[in-house]
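Residue numbers (my numbering), protein chains in the order written: chain V, 2 to 577; chain F, 22 to 232; chain B, 5 to 70; chain Y, 3 to 346.
Calculated from the structure, these hints are not laboratory results. In this text, all values refer to a predicted model and were calculated from it rather than measured experimentally. For every residue, glycine included, the Cβ atom is placed at its ideal position computed from N, Cα and C. One or more of the hints may lead you astray.
Restraint-style ranges between C-beta atoms, simulated for each label pair [unchecked claim]:
no. : chain 1 : residue 1 : chain 2 : residue 2 : range
1   : F       : SER202    : V       : GLU535    : 28 to 38 Å
2   : B       : GLY49     : F       : LYS131    : 20 to 30 Å
3   : V       : TRP198    : Y       : THR98     : 51 to 61 Å
4   : V       : ILE498    : F       : ILE144    : 53 to 63 Å
5   : V       : PRO323    : Y       : PRO160    : 25 to 35 Å
6   : F       : TRP97     : B       : VAL28     : 47 to 57 Å
7   : B       : GLY49     : Y       : ALA327    : 52 to 62 Å
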Amino acid sequence: MHAGTSTTHDAHDVHDHIHPPPEGFVRKYVFSLDHKVIGFQYFFTGLLIMFIAGSFAELVRLQLTDPKGAIMSHQAYNTMFTMHGTAMVWLVLIPLVTGALGNFVMPLQIGARDVAFPWLNMASFWILPLAALILFSSLLFGGPHAGWTEYPPISLADGTAGALWCAAIFTIGISSTMTGLNFMVTIMKMRAPGMTWTRMPLFVWATFATALMNMIATVALSAAVGALFLEHVFNVPFYDAARGGSAVLYEHMFWFYSHPAVYIFIIPAFGVVSEVIPTFSRKPIFGYKMIAFSSMAIAILAFTVWAHHMFPSGLAPWLQLPFMILTYAIGIPTGIKIFSWMATLWGGRIHFTTSMLYALGFLITFTFGGITGVFLASVPVDLHAHGTYFVVGHFHYVVAGGAVMGFLAAIPYWYPKATGRMLSERLGQLGFWLFFIGLNGTFLPMHWLGLEGMPRRYASYVDFAKAVPDAVFWNQFETAFSFLMMASIGLLAFNVIWSLRHGKVAGINPWGARTLEWTISSPPPYYNFKKVPEVYGRPYDFDKPLPYRNTDNELDAFPEYGKTVMPTPQPVGAGV
Amino acid sequence: MAAAAVQHLAGHEAVAARYRDVDRAYGETRDLRLLGFMFFLVSDCILFSSFIFAYVYLRVSAPTWPPIVDGHQLPWFDTSFAAMNSVVLFGSGVTMHFALENWKHLNTRKFNGWLIATIVLGIGFLLGQAHEYSVVNISWQGSTMGASFFTLTGMHGFHVFIGVCYLAILGIQANRGVYTSSKYFGLTAGTLYWHFVDVIWVALFSLFYLW
Amino acid sequence: MSEVYIERGVALLGAILVGVTAIVQLKNDWAAHGLDASVTKLLLGLMALGCVLALLAAVNVLGARA
Amino acid sequence: MVLTLLSIVNALYFLYGSIDWIMPGASQPVTDRASDIDGLFKFMAVFGGAIMLFVAGYVIYFAIAFRARSSDSPDAVGVQIHDAPKLELWWTVLPTLLLIVLTGLSIVVWYKIQFGTAAPGLTTEVIGHQFYFEYRYPGLKTSVFSKTSPMHLPVGVPVRLLITSTDVIHQFWVPEIRLKAAAVPGLVQNLNFTPLRTGTFDVACSEFCGVDHSLMHGKLVIEPVAAFKKWLDSENKTAAAAGGAINLAAGTPATGQALFAQKCAACHQIAPFEQKLVGPGLLHITDDPAHPALVTGKTPTPEHIAEILQNGFTGPIGTMPNRQANGLSNTDIANLVAYLSSLK
């Protein structure tokens with residue numbers, strides 16, 4: 002941080018208004034208004050909860066090493082998978098991909114000094130630990146144990162823990178909505194002069210699509226869990242069939258949010274991959290407009306497909322048809338993206354950094370998850386596969402193989418910008434192989450286990466193991482591989498902390514990347530841009546000079562900058 | 022939400038003094054806040070829409086409406102009183118509109134008058150709702166009709182209550198000179214919010230009392 | 005019974021008054037542009053619709069239950 | 003090139019063949035729907051597998067072929083292309099076509115599942131409870147509980163399962179049948195299919211339903227029609243031995259009225275049919291001009307009313323418990339029937 006940097010002013014340009022950085026620990030690091038600090042706060046909170054939620058998952062996996070249930074009671078097991086799902090979805094993935102990445106990267110990429118409403122941004126963050134506290138405190142009351150979806154009527158048996166679950170989700174929903182609103186305004190109004198919509202980096206497009214969904218869908222979830230909360234606490238019959246309520250209603254309201262929620266994780270990952278692949282292929286992204294518009298198409302279609310989660314759950318037969326067709330339609334923009342990324346690889350100069358390995362791994366695992374998604378979109382196949390481990394496998398390929406891989410690609414990519422030091426490539430690449438192998442080993446066998454007849458959320462599977470004797474082997478196999486993933490995340494955490502001190506000094510632009518954040522010092526100063534840059538082109542033309550004016554911000558502090566238009570890339574070893 | 026932007030402008034006097042073109046800066050912050058406020062209204066609208074969806078879903082899928090509880094069909098809501106009360110709320114929308122118009126034309130006295138009229142009408146509507154709650158013969162817990170009615174109108178009443186408080190604060194601020202004839206974003210936001218609350222009531226009124 | 009007639013009478017007169025005023029305001033503001041102006045126009049229009057509904061309710065066209 | 007193509011074809015063929023291994027009972031379809039769904043699944047697996055191989059293969063190939071080399075200058079860049087509209091058009095149109103074909107095939111199978119079954123020869127009720135399924139057969143006065151005994155279905159007869167629940171959401175699933183439906187309280191769903199071969203299969207609940215969700219398991223026996231009838235008869239005999247005959251003439255309306263208030267008033271009221279609580283109003287049960295038949299479709303004779311009280315019924319409105327659930331004795335039923343018949 003460049004505390005106390007004197008603020009030289011171009012007084013005629015209001016953009017150039019720089020206000021002094023805050024002083025004092027609390028204003029600087031705790032209740033900071035700075036989007037970068039808030040991004041760190043999201044990152045470390047998310048990572049911490051990821052460990053907790055990940056250990057829940059490991060307990061779930063350990064339980065399944067024995068058909069009778071190896072380590073805990075059914076009740077405890079149900080609590081574990083409920084907490085794993087809830088915490089991972091709302092307290093890890095959404096805060097990490099929107100809160101951490103979006104907050105740190107997006108304002109830098111559009112050349113802004115901060116988000117539109119910094120105070121709101123701070124409030125959004127501080128709601129997250131509050132929600133986490135509420136959620137984890139429910140464990141004191143026995144914990145919610147009806148699955149992360151908390152369908153009534155079964156969730157109504159959760160009592161106080163269920164009410165706390167609702168309160169936590171409602172609270173975190175407020176945070177997501179506010180972040181979405183904030184990012185929407187920031188992207189619409191605060192782009193640097195000259196940065197038209199089609200000159201925005203693709204990560205910004207992705208953040209925009211995500212913010213739109215965050216803003217609109219999350220409120221529907223708040224309504225669903227709000228009504229559930231009323232039913233828990235005041236016994237108000239929205240979902241109680243005996244008093245005319247409907248359990249299917251909750252499913253409608255819940256999935257109207259929770260289907261877009263999956264895209265809320267995955268679209269920022271698309272954005273990350275769209276940044277990482279061109280940078281390390283030394284090639285412009287192929288089909289910029291197609292990628293940008295397909296993000297928006299996915300965001301809009303996301304609101305029209307929710308009932309595909311409910312094909313066997315009491316949806317009128319004639320309603321199954323439009324939802325099936327619209328779900329298929331989502332395959333088209335997704336396919337366009339994947340093919341565009343592949344085409345970007347073609348003819349490139351591919352550097353195998355950790356980020357790039359994760360991006361390549363993403364292409365493979367996400368495509369797999371996408372294809373099994375097409376299976377589930379088909380009503381007849383879904384009638385067989387619904388509610389089985391096939392769904393668990395599909396979902397984790399999309400979320401762990403898509404969203405988390407994208408996130409893991411982003412960490413080494415932007416870490417040098419955020420801290421001024423490089424992450425260790427050696428540890429990072431080891432981490433990638435652990436994660437990639439662990440992921441496939443854990444989630445691939447789930448597909449056939451599910452089709453063979455293993456329903457999800459099973460605390461024990463004695464009868465299933467009788468019918469399919471292989472099941473025990475495959476479950477133990479999955480458990481073993483799942484620890485590789487856990488080890489990889491542990492390695493990442495170690496790497497992040499170790500490299501803070503011991504990493505190589507990064508310089509302004511270690512990757513030779515071309516978006517705006519790479520034109521300022523690492524870490525960026527409090528005010529990001531001394532002068533607001535001007536943009537006159539797309540960021541991905543590697544053979545041309547950078548399309549920015551006014552980027553001589555840091556020449557005095559970093560003399561090496563400006564000598565080459567595109568700094569020399571770090572020497573990188575092959576990944577294998 | 023806008024506090025931070027205010028701080029940017031007003032918190033650091035030394036920096037703010039450097040502005041040559043203060044109005045332009047105001048224009049930009051106003052744009053941000055206005056858009057942000059619109060998005061807030063959008064998300065609030067979706068909150069109401071979700072509960073309205075729940076109500077419509079429950080009503081359409083019910084075998085009889087109003088539902089039967091303990092052997093008795095519940096009564097329909099009393100349309101005539103609600104129509105009167107709605108007109109009170111709609112009237113407050115018009116008075117708020119006049120208040121803002123008068124502010125734009127620097128007519129502070131008329132502004133105060135219309136604003137007080139708005140607040141009085143708003144409180145009148147809340148009292149009407151309280152009366153409605155006391156006479157309506159259904160319970161929150163008893164049926165889906167009661168559940169939807171009390172939840173939705175309760176949420177709306179809460180919004181009206183917040184609106185009344187907000188307008189009162191705006192009135193105090195305006196009289197203390199926080200706003201000028203060219204800078205009055207708070208009043209714009211208050212007016213938009215108040216209109217929004219009115220329009221939500223149009224939906225609730227037609228769905229509960231007219232359908 | 006008379007209570008109902010008073011309520012309906014007030015609703016009828018009020019709806020006409022408020023509705024007409026709202027429509028006049030809408031007409032006056034029609035030329036204004038900008039995000040807030042267009043949203044205000046939309047909301048005023050919907051409110052005028054609300055007045056029409058209240059009026060119809062007051063004369064027992066809508067909301068009449070057998 | 004040829005080798006690559008051959009190995010891809012080989013891999014896809016393996017995928018095609020492996021369906022029989024992955025999908026339980028795929029080599030010998032258990033129901034008419036199973037073969038339809040498996041066909042669709044195989045089609046998707048082959049095309050999905052082809053796309054997967056295409057993407058993964060090219061990603062790996064590009065990564066190796068276009069890797070940066072140590073001989074490259076540090077500023078070396080890749081081929082600077084931005085778009086190739088023709089190519090993009092192709093890879094938009096081709097997947098779209100494939101998805102349209104898939105949609106068409108899915109709709110055909112979907113139509114068969116929803117509307118394609120002949121008039122059911124047997125309608126069985128499946129009622130989810132925590133943590134067992136209750137089955138009710140027409141003409142059988144007692145329920146079959148999945149905890150203790152298997153469900154039986156005759157082979158070759160079109161079957162309709164009416165599925166509902168009394169407490170939380172369950173899901174009735176027989177993997178070999180390939181179909182499932184949620185048992186939602188207050189909602190009755192159908193599953194229609196025709197069993198094609200005999201055998202014993204697992205029944206599972208595939209929607210989380212509480213602590214012992216994973217123990218909610220049962221068996222389904224599909225057997226020849228004669229064996230099925232024999233089983234039904236033996237169940238009936240056991241039930242008859244336990245219950246004895248009902249003497250409807252012995253019922254007294256006054257006792258029935260007291261019993262009604264005690265046992266029935268939570269769900270029914272003495273009011274016209276439309277005034278439902280959980281079940282319909284029963285004022286005109288024996289002579290309702292608007293509903294000349296009972297919701298079961300039968301004429302409202304005292305015998306049929308007694309049968310509903312004994313057997314329960316799952317219909318468009320919901321579930322009427324049978325006497326294992328409502329605890330009515332033969333005398334109780336006679337008294338209730340007498341009371342209901344006395345209403346006008």
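So, going through the hints one by one against the coordinates:
About 35 Å separates the C-beta atoms of SER202 (chain F) and GLU535 (chain V), a value consistent with the hinted range of 28 to 38 Å. Between GLY49 (chain B) and LYS131 (chain F), the C-beta spacing of about 25 Å keeps the proposed range 20 to 30 Å intact. Evaluation of the 51 to 61 Å hint for TRP198 (chain V) and THR98 (chain Y) yields a failure: the beta carbon distance comes to about 26 Å. Judged by the Cβ atoms, the range 53 to 63 Å given for ILE498 (chain V) and ILE144 (chain F) holds: they are separated by roughly 57 Å.
A C-beta distance of roughly 28 Å is found between PRO323 (chain V) and PRO160 (chain Y), which places it inside the suggested range of 25 to 35 Å. The given range of 47 to 57 Å is broken by TRP97 (chain F) and VAL28 (chain B), whose C-beta atoms sit roughly 34 Å from each other. Distance hint check for GLY49 (chain B) and ALA327 (chain Y): the Cβ-Cβ separation is about 56 Å, which falls inside the suggested range of 52 to 62 Å.
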